[in-house]
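Given the sequences, and given the hints that come with them, work out the whole structure.
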Amino acid sequence: SAVISQKPSRDICQRGTSLTIQCQVDSQVTMMFWYRQQPGQSLTLIATANQGSEATYESGFVIDKFPISRPNLTFSTLTVSNMSPEDSSIYLCSLGNFRGTEAFFGQGTRLTVV
Amino acid sequence: DAKTTQPPSMDCAEGRAANLPCNHSTISGNEYVYWYRQIHSQGPQYIIHGLKNNETNEMASLIITEDRKSSTLILPHATLRDTAVYYCIVRTYNTDKLIFGTGTRLQVFP
Chain D
14 SAVISQKPSR DICQRGTSLT IQCQVDSQVT MMFWYRQQPG QSLTLIATAN QGSEATYESG
74 FVIDKFPISR PNLTFSTLTV SNMSPEDSSI YLCSLGNFRG TEAFFGQGTR LTVV
Chain P
2 DAKTTQPPSM DCAEGRAANL PCNHSTISGN EYVYWYRQIH SQGPQYIIHG LKNNETNEMA
62 SLIITEDRKS STLILPHATL RDTAVYYCIV RTYNTDKLIF GTGTRLQVFP
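Same order as they appear, the protein sequences are chains D and P. Heads up, this note's numbering is the position in the first sequence plus 13, with the first residue counted as 1. Heads up, this note's numbering is the position in the second sequence plus 1, with the first residue counted as 1.
Simulated from the structure, these hints should not be mistaken for laboratory data. There could be a bad hint or two in this list.
[Stated by the list, open to error] Below, in silico cross-link-like pairs of lysine-lysine (DSBU-like), each with a Cα-Cα straight-line distance of 35 Å or less: (1) K4(P) / K20(D); (2) K98(P) / K78(D); (3) K98(P) / K20(D); (4) K78(D) / K53(P); (5) K98(P) / K70(P); (6) K98(P) / K4(P); (7) K4(P) / K53(P); (8) K78(D) / K20(D); (9) K70(P) / K4(P); (10) K53(P) / K70(P); (11) K53(P) / K98(P).
[Unchecked claim] Distance windows between CB atoms, simulated: (12) T125(D) / G30(P): 43 to 53 Å; (13) T30(D) / T57(P): 41 to 51 Å; (14) S31(D) / T57(P): 40 to 50 Å; (15) Q120(D) / M11(P): 18 to 28 Å; (16) S40(D) / G30(P): 26 to 36 Å; (17) T66(P) / Q27(D): 43 to 53 Å; (18) G16(P) / N85(D): 45 to 55 Å; (19) T125(D) / R82(P): 20 to 30 Å; (20) R123(D) / D12(P): 25 to 35 Å; (21) E67(P) / C26(D): 50 to 60 Å; (22) N54(P) / V16(D): 40 to 50 Å; (23) D12(P) / A15(D): 26 to 36 Å; (24) F110(P) / Q120(D): 24 to 34 Å; (25) F74(D) / K70(P): 26 to 36 Å.
Where is the CB? At the ideal position from N, CA and C, for every residue including glycine.
Here you go:
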């Protein structure tokens with residue numbers, strides 16, 4: 014299995030600021046994804062992080078609000094920009110179909126915007 | 002949008018079998034049924050998946066109806082540690098992204 018390190022594990026941020034979340038994997042992976050889980054809700058896919066090109070965003074999510082980088086096959090970042098209290102959520106990175114096994118998830122970043 | 006529907010919550014006594022149903026009436030021929038669970042807002046954990054045959058692993062069994070429009074996840078001897086939200090997901094095998102529905106919150110009681 015892959016080891017996923019997601020940082021920070023939690024943060025409390027002021028509205029109007031931005032937070033960058035990092036996802037580091039111990040092996041090269043083709044597919045990486047970012048999810049959001051609002052309080053008491055299920056997981057919602059934000060985007061697919063593509064190595065060497067722009068991320069592919071799901072409906073309702075835009076690059077200006079959630080810029081994503083994927084500089085290599087082991088690392089990705091998600092930035093939550095110009096935050097408001099509605100952005101308070103858990104954000105998770107995920108690996109897709111790693112070496113034929115099923116999707117792995119990081120432990121998540123619990124973000125609170127005040 | 003998610004292609005599955007699940008009951009919002011279920012209870013199960015410890016040591017008994019937990020049977021979690023899932024409806025996926027619009028499933029296509031090349032789509033698999035996957036189950037994940039999430040404990041206390043940790044990252045989701047893979048449980049099992051299947052196409053049309055019943056499947057069993059060390060965690061659970063998956064029973065898929067012959068018409069593939071529904072399935073049941075079976076935890077044969079539920080423990081308190083199985084208390085979690087269980088997600089049933091329909092996914093095309095070569096598509097890695099997962100679209101989560103609302104899931105079933107399973108509460109295992111002593």
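A quick look at each hint next to the structure:
Proximity of K4(P) to K20(D) is assessed by CA-CA distance (about 32 Å); at most 35 Å being required, the pair is judged to hold. The suggested pairing of K98(P) with K78(D) holds, with an alpha-carbon distance near 21 Å, which does not exceed 35 Å. Restraint check for K98(P) and K20(D): satisfied, since their Cα atoms lie roughly 22 Å apart, inside the 35 Å limit. About 41 Å separates the Cα atoms of K78(D) and K53(P), which puts this hinted pair outside 35 Å; it is violated.
For the proposed pair K98(P) and K70(P), the alpha carbon gap of about 21 Å is at most 35 Å, so the pair holds. Under the criterion of a C-alpha separation no larger than 35 Å, the hint pairing K98(P) with K4(P) is consistent with the structure, at around 14 Å. Between K4(P) and K53(P) the alpha-carbon distance is near 17 Å, which keeps this suggested pair within the 35 Å criterion. Among the hinted pairs, K78(D) with K20(D) is consistent with the structure: their alpha-carbon atoms are about 19 Å apart, no more than 35 Å.
A C-alpha spacing of about 11 Å is found between K70(P) and K4(P), which places the hinted pair at or below 35 Å, so the restraint holds. Restraint check: the Cα-Cα separation between K53(P) and K70(P) comes to about 10 Å, which is no more than 35 Å; the hinted pair holds. The straight-line distance between the Cα atoms of K53(P) and K98(P) is roughly 21 Å, inside the 35 Å bound, and the hint therefore holds. About 44 Å separates the C-beta atoms of T125(D) and G30(P), a value consistent with the hinted range of 43 to 53 Å.
A C-beta distance of roughly 49 Å is found between T30(D) and T57(P), which places it inside the suggested range of 41 to 51 Å. Checked against the hint of 40 to 50 Å, the C-beta distance between S31(D) and T57(P) comes to roughly 47 Å, which is consistent with it. Separated by about 26 Å at the C-beta atoms, Q120(D) and M11(P) satisfy the suggested range of 18 to 28 Å. A hinted range of 26 to 36 Å holds for the C-beta pair S40(D) and G30(P), which are about 33 Å apart.
Against the hinted window of 43 to 53 Å, the Cβ-Cβ separation of T66(P) and Q27(D) comes to about 52 Å, which satisfies the hint. About 48 Å separates the C-beta atoms of G16(P) and N85(D), a value consistent with the hinted range of 45 to 55 Å. Roughly 28 Å separates the CB atoms of T125(D) and R82(P), a value that falls within the hinted 20 to 30 Å. For the pair R123(D) and D12(P), the beta carbons lie near 28 Å from each other, so the given range of 25 to 35 Å is met.
One distance hint, 50 to 60 Å for the beta-carbon pair E67(P) and C26(D), holds here, with the actual separation near 52 Å. Against the hinted window of 40 to 50 Å, the Cβ-Cβ separation of N54(P) and V16(D) comes to about 32 Å, which falls outside the hint. Distance hint check for D12(P) and A15(D): the Cβ-Cβ separation is about 35 Å, which falls inside the suggested range of 26 to 36 Å. Between F110(P) and Q120(D) the CB atoms are about 27 Å apart, so this pair conforms to the stated range of 24 to 34 Å.
The supplied range of 26 to 36 Å is met by F74(D) and K70(P), whose beta-carbon atoms lie about 31 Å from each other.
In terms of the numbered hints stated before, the structure departs from hints 4 and 22, listed from lowest to highest.
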